[in-house]
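> The whole structure should be built from the sequences, with the hints applied where relevant.
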Amino acid sequence: MVYHNSGGGPDGTAYFEHLLGNLRNHVEAVGKEHVDIRVVSLRDGVALLQSAVDNKDLAGRIDALRAAGVRFLVCANTLRERKIDRGALYGVSEDDIVPSGVAELARLQGMGFDYIHL
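Per the numbering used here, residue 32 is the first one in the sequence shown, and the count goes up by one each step.
It cannot be assumed that every hint is accurate.
[As the list claims (entries may be wrong)] Distance ranges between label pairs, derived from CB positions:
1) G91 / D116: 19 to 25 angstroms
2) H65 / H148: 28 to 34 angstroms
3) G122 / D67: 15 to 21 angstroms
Everything labelled a hint here was simulated from the structure, so no lab data went into it. The C-beta atom is built at its ideal place from N, Cα and C for all residues, glycine as well.
Here you go:
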């Protein structure tokens with residue numbers, strides 16, 4: 032399953048709460064042993080991982096999802112266009128950066144991942 036995280040505008044707090052809640056519900060419904068979920072963040076969606084740097088509650092929720100097998104991927108084009116350093120994103124490694132968020136969404140769908148955009 033691939034979730035498209037394009038954010039909820041400049042203040043995406045409500046959108047991010049909705050996204051994280053749906054991810055948690057998804058993991059609980061299928062069980063950790065059956066989780067193969069990717070969250071592709073681009074444009075305003077990158078703010079989720081920026082906000083988690085200073086928000087321990089948000090960071091904890093992301094950590095719990097990662098521990099359950101959810102991968103958070105980030106669009107390199109967005110980082111370059113917005114001049115965002117990877118170090119400004121919570122828990123993002125070099126392996127979590129994809130060249131293009133849209134291309135990654137298409138690639139994953141081509142591999143059989145179902146697509147969800149909230």
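> Could you say whether the range 19 to 25 angstroms given as a hint is met by the Cβ separation of G91 and D116?
23 angstroms, holds
> Does the hinted range 15 to 21 angstroms hold for G122 and D67 at CB?
Holds, since G122 and D67 (Cβ atoms, about 19 angstroms apart) stay within the stated range.
> Can you let me know if the beta-carbon spacing of H65 and H148 is within 28 to 34 angstroms?
Because 22 angstroms falls outside the window, the suggested range is violated.
Checked against the numbered hints given earlier, the structure breaks only hint 2 and satisfies all the rest.
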